[in-house]
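Colleague: What follows is each chain in one-letter form.
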Amino acid sequence: MGVALPPPPPAPVVLAPPPARVSAALTDTRIQVSSDFRGARIVLYGAVFDPERARHDVVVVVRGPEEPVRIVRKVRIAGLWLNTPPEVFRGAPGYYMAASNRPLAEVTGFAWRRRLRLGVDNIALEQEAQRTETLYGVEGVLVSPLEEDYFDFRRAVVRLKQREGLYAADSDAVRFVDEGLFRADIALPAAAPTGRYEADIHLFRDGRPVALRTRTLTVEKVGLERFLYILAHERPWTYGVVSVLLALTAGWTASAVFRRR
Amino acid sequence: MDVYLPIAEISVNAPLLVALGAAVGFISGLFGIGGGFLMTPVLVLMGVPSAVAVASEANHVTGSSVSSVIAYRRRRAVDFRMGGVMAAGGAIGSFMGVEVFRWLRLLGQADLVVSLSYLVFLSIIGALMLSESLGQVLRRRRGEALTRPLRARRPGWHRLPWRMRFPRSRLYISVIPPVLLGVGVGVLSAIMGVGGGFILVPAMIYLLRMPASVVVGTSLFQIVITTAITSVLQAGRNQTVDVVLATLLLVGGVVGAQFGARLSMRFRPETLRAVLGLIVLLVGLRMGLSLIVRPEDMFQLAPGGS
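One line per chain: the protein sequences are G and U, in this order.
Heads up: the first sequence at position 251 corresponds to 251 in the numbering used here, and the numbers run straight through without jumps.
Heads up: the second sequence at position 265 corresponds to 526 in the numbering used here, and the numbers run straight through without jumps.
Only chain G is shown next, with the shape it has when bound in the complex (with noise of 0.2 Å):
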């Protein structure tokens, strides 16, 4: 992710200090979704090395795979509620979970969450039939089809993936357990997507950021669940098949087994 970072500090004249760093680890880099998924917890561990010691904010951003939401709206015709075509939004997370030590407007202004992507409020959400235009002598100005709807529109996307816990932000969920070493506790609902996984630890001081680390996990089917995910995703007609013949077995069993007695 390209992310901006403050140019480094001029040359050191006198005996300055070396900028902060931040390093972390995740407890597991493979999240296994097996037959008894109900979720899991990702713990990741980190520490601070500031040699002057000042007090710094950790923000952790956690995002799944990138998926196309598509998203319609009620609407009242002849009585009935009825569903708009839908709209598609790209770019959007899977799964985005900001996990800080504080409120997140506490930890930063609103121009570097907004250009770090930090929060729910700020998720890059690109609706697909939008494009740039240059209004009132402004260049790039995102301009949508759904005029002032698009708002509508992107908070009910959040929204609906809060209420399956995909999108949230916990400003509890990173603790400093030690000087400088903490720890963030961030929780993965059975719903979240397979695939590969980003976790962006931004280190922040007196609400600019100083450091960025990034890590990698997967979550991945395993067992009979992976089997039977790809077999249905790649080779759909055998499943459907094999799916078939086994609810003609069953069925076949049973009537055998009930005769007999």
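Read the hints as simulated data drawn from the structure, not as lab findings.
Treat the hints with care, since some could be wrong.
Here are the simulated SDA-like pairs of lysine to any residue, each with C-alpha atoms no more than 25 Å apart in a straight line [to be verified]: (1) G:Lys74 x U:Ile553; (2) G:Lys74 x U:Pro556; (3) G:Lys74 x U:Val303; (4) G:Lys221 x U:Leu277; (5) G:Lys221 x G:Ser34; (6) G:Lys74 x G:Ala191; (7) G:Lys221 x U:Asp263; (8) G:Lys74 x U:Gly549; (9) G:Lys221 x U:Met307; (10) G:Lys74 x U:Pro310; (11) G:Lys74 x U:Arg547; (12) G:Lys221 x U:Gly308; (13) G:Lys74 x U:Leu546; (14) G:Lys221 x U:Arg498.
Values in this document were obtained by computation on a predicted structure and should not be read as measured data.
Given chain G's structure and the hints, the job is docking chain U onto it.
Modeller: Chain U in isolation, oriented as in the chain G frame:
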């Protein structure tokens, strides 16, 4: 004990699903129906995406109907030729239904069409069954003679071209009506996840004028073939068949069905039809409720994103 359904991508309680299968199986055995019209709404209410519920339910109906067909075949109560002709129509119908369903899903209208089909079909069929069977019950109370179905005059459409002999049903009729009936039921199996017995049985009695003794067995035979084709097509085109879900429901279902079938001997057929009509009507109205009640959230995520 929770189980993760690989296609529905949700965790559900496995014993609960087995018990649900047993309960619906019991009702299907009691009334001699497939039970898809009951199971699909319950799965949707449990949080299974409607596309997955509909497709997996077609697979479940295949399994649960097979054991009944075997039982009816022993009693020589299946007209395989008539069932085969209807199943040919069913194949065409399920192909059309799956393609329509695929298109509706991409438009975000699958839920709507599922609810609307349930409302329209189940309310009408349920109301008809209820009024017909209550009439019979009342007449029995008053000691009047029961009305007998007319078999005297054959309707005109029996004389359409491509006539065929159906010895077991003692009919010599055109294949066009049974094929069209099969097409209709095939479409419903793809869109509603039902076998369609609740439409087939009355249609075979009143439209095709088949003898009542072979109607249920033949309709079940047709249902097995049509739902088998539907579930292969749903898996192939929409990837929405959850085999774990279908198997859990089957485990409970086949056991429940046997007990239901035994208990059914104790009741009068018109009493059973009246109760079934009431259940069908209530399920239809419940599914239709979502169209009339103001939704909690004005927005909804549509599937088929990735």
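Colleague: None of the hints should be skipped; say for each whether it holds.
Modeller: Quick rundown of the hints versus the structure:
1. G:Lys74 x U:Ile553: holds, 12 Å
2. G:Lys74 x U:Pro556: holds, 8 Å
3. G:Lys74 x U:Val303: Since the Cα atoms of Lys74 of chain G and Val303 of chain U sit roughly 23 Å apart, the hinted pair holds (cutoff 25 Å).
4. G:Lys221 x U:Leu277: Roughly 23 Å separates the two Cα atoms, so the pair holds.
5. G:Lys221 x G:Ser34: holds, 6 Å
6. G:Lys74 x G:Ala191: At roughly 24 Å apart (the allowed maximum being 25 Å), Ala191 of chain G and Lys74 of chain G satisfy the hint.
7. G:Lys221 x U:Asp263: Holds - the C-alpha atoms of Asp263 of chain U and Lys221 of chain G are around 16 Å apart, at most 25 Å.
8. G:Lys74 x U:Gly549: Within the cut-off at roughly 15 Å; holds.
9. G:Lys221 x U:Met307: holds, 23 Å
10. G:Lys74 x U:Pro310: holds, 18 Å
11. G:Lys74 x U:Arg547: Holds. Lys74 of chain G to Arg547 of chain U sits at ~19 Å (cutoff 25 Å).
12. G:Lys221 x U:Gly308: holds, 21 Å
13. G:Lys74 x U:Leu546: holds, 20 Å
14. G:Lys221 x U:Arg498: Judged against 25 Å, a Cα distance of about 22 Å means the pair holds.
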